[in-house]
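Chemist: Chain residues, written in single-letter form:
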Amino acid sequence: MAKILVVDDAEFLRVRLTKMLGTDGYEVFQAENGATAVSMYKEMQPDVVLMDVTMPEMDGLTALKEIVGFDAKARVIMLTALGQESVVLEAVKSGARDFIVKPFEHDRVTKAITKLLA
Amino acid sequence: MNVKFLNPFVGSAYDILSLEMKETIQRGDLRLDNGAYKTDDVTVIISLVGAVDGSVFYSMSKEVAVGLASILMGEKFEALDRLAQSGIAELGNVITGQASMKLAEAGYESNISTPSLIIGKGATISTLEFPRLIVPLFTSLGSLTIHLALREGLQSNLKTSQIKIPKVEF
Amino acid sequence: MDVKLLNPFIQAAVEVLKAEVSAEVTRGDISMQKSSLTSDDITVLINLVGDVYGVVMYGLHKTTCLHLVSKIMGQEFTELNSLAQSGMAELGNVISGQATIRFSETGYTSNISTPTVLTGKGVEISTLDFPRIVVPLTTQYGVLTVHLALRVKKPGEPHTPDEFISLITAPPLKKGS
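Chains as they are written, first to last, in my numbering: chain A, 129 to 246; chain B, 122 to 291; chain C, 9 to 185.
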């Protein structure tokens with residue numbers, strides 16, 4: 129069973145994604161900010177990360193850079209309300225493998241994950 | 122919450138209130154509040170967006186608000202009418218503006234939002250997952266409380282509109 | 009308030025509600041209010057900074073909010089607990105985020121603040137000298153009211169108005185200045 133790490137400071141989002149991905153058959157872990165995400169990544173090596181951008185302690189773009197820094201093969205999908213071109217470009221430049229702007233459809237997220245796991 | 126964000130706000134509030142009220146302001150004990158805030162009579166809400174993100178509230182009783190507004194205006198207000206409200210909001214704006222200048226000098230550039238004013242006791246304001254640092258300030262009129270729910274914002278090179286606020290000397 | 013500031017929010021709200029809760033949204037009559045807003049059961053307040061600046065507020069009845077977050081989560085919420093508030097704040101965040109994307113496509117760069125959630129009916133929320141545009145959006149779950157108090161920054165205009173500078177250099181303020 130593939131492991132997904134869901135990173136978002138909004139509790140509602142974490143719970144919602146956990147339920148959603150759980151029904152898809154994934155084992156889901158939660159982190160509430162970028163710093164926790166980085167340490168959890170090192171610990172449990174998730175197959176895919178769903179990463180929000182605006183978070184306390186460490187934002188998602190910084191966390192993305194750190195993770196890609198020690199795991200060039202990291203599969204990080206950004207999932208955020210910030211969809212401006214500058215954010216997308218920065219994320220992709222920094223190693224994000226996909227970028228989903230909220231609101232997201234279950235399908236879009238599932239497809240993005242399966243594509244990376246293929 | 123990052124304590125380095127605290128001093129610019131306390132310092133600015135102290136300077137501005139001391140100047141306007143011509144007295145020495147006292148600071149009470151700080152505390153961290155994880156829960157929601159039950160509103161006092163008057164609360165000014167201002168957000169910061171940038172290298173520092175989050176919100177600041179300035180809360181007080183109606184009596185303190187009316188008294189402060191009167192001092193700021195140089196004329197006595199009997200009630201918290203629109204003009205008095207505007208004065209209190211502007212006070213919040215000025216303190217926050219000063220604080221954001223100090224934060225910018227320390228390398229944390231942020232934009233501050235326009236103020237909104239909540240009038241009415243007993244409602245609940247939640248900053249969700251952000252705990253609030255509570256700073257009570259005591260003046261001869263009564264107390265004014267600063268609530269800080271701030272965190273470091275986006276670290277990357279993304280720029281929100283970079284605005285240089287001119288340095289002003291007292 | 010400029011009408012071109014209105015449409016990105018309305019479009020964003022309609023699209024997000026459709027995507028998140030399969031809502032059929034109809035827009036009610038738009039009005040402009042200069043007075044304060046009296047809060048409904050729950051109000052999500054989000055500030056904007058940048059080329060378009062001000063505040064947007066999303067107000068709803070408790071039952072409408074519970075319906076919306078229940079639908080999004082796929083499980084029933086029976087009270088406006090912190091998880092429900094988080095859900096509503098997130099909805100406001102997503103709508104506002106989408107609106108700023110639309111703004112950036114027309115050349116206005118803005119950023120949104122973290123959301124503040126006010127629960128408790130009957131308190132006054134004042135946007136001071138910014139009049140509010142009020143847009144009621146009706147869905148099958150109830151009404152979501154969007155309040156917009158926004159302005160466009162003119163090029164070259166400092167973010168902080170001149171009054172701010174005069175207030176801190178020349179106490180006290182005189183009435184009428």
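Keep in mind that the hints were calculated from the coordinates and are not lab data. Hints are supplied without guarantee of correctness; some may be wrong.
[To be verified] EDC-like mimics (lysine to aspartate or glutamate), calculated; alpha carbons at most 20 Å apart, straight line:
no., chain 1, residue 1, chain 2, residue 2
1, C, 79, A, 235
2, C, 79, A, 171
3, B, 197, B, 144
4, C, 42, B, 230
5, B, 183, C, 132
6, C, 79, C, 132
7, C, 161, B, 154
Note that the structure is predicted; figures quoted are calculated from it, not measured.
Chemist: The structure should be examined with respect to each hint, and the outcome stated for every one.
Modeler: Status of each hint after checking the structure:
With a CA separation close to 17 Å, the supplied pair residue 79 of chain C and residue 235 of chain A stays within the 20 Å bound. A hinted pair counts as satisfied when its Cα atoms are at most 20 Å apart, and residue 79 of chain C with residue 171 of chain A does not qualify at roughly 34 Å. Our distance criterion of 20 Å between C-alpha atoms is met by residue 197 of chain B and residue 144 of chain B, whose separation comes to about 18 Å. The hinted pair formed by residue 42 of chain C and residue 230 of chain B fails the criterion: a straight-line CA distance of about 33 Å is larger than 20 Å.
Proposed proximity of residue 183 of chain B and residue 132 of chain C is supported: the alpha carbons are some 13 Å apart, at most 20 Å. The hinted pair formed by residue 79 of chain C and residue 132 of chain C fails the criterion: a straight-line CA distance of about 30 Å is larger than 20 Å. Of the pairs offered as hints, the one joining residue 161 of chain C and residue 154 of chain B is violated, with about 36 Å between alpha carbons and a cut-off of 20 Å exceeded.
The structure fails hints 2, 4, 6 and 7 (numbered hints given earlier, in ascending order).
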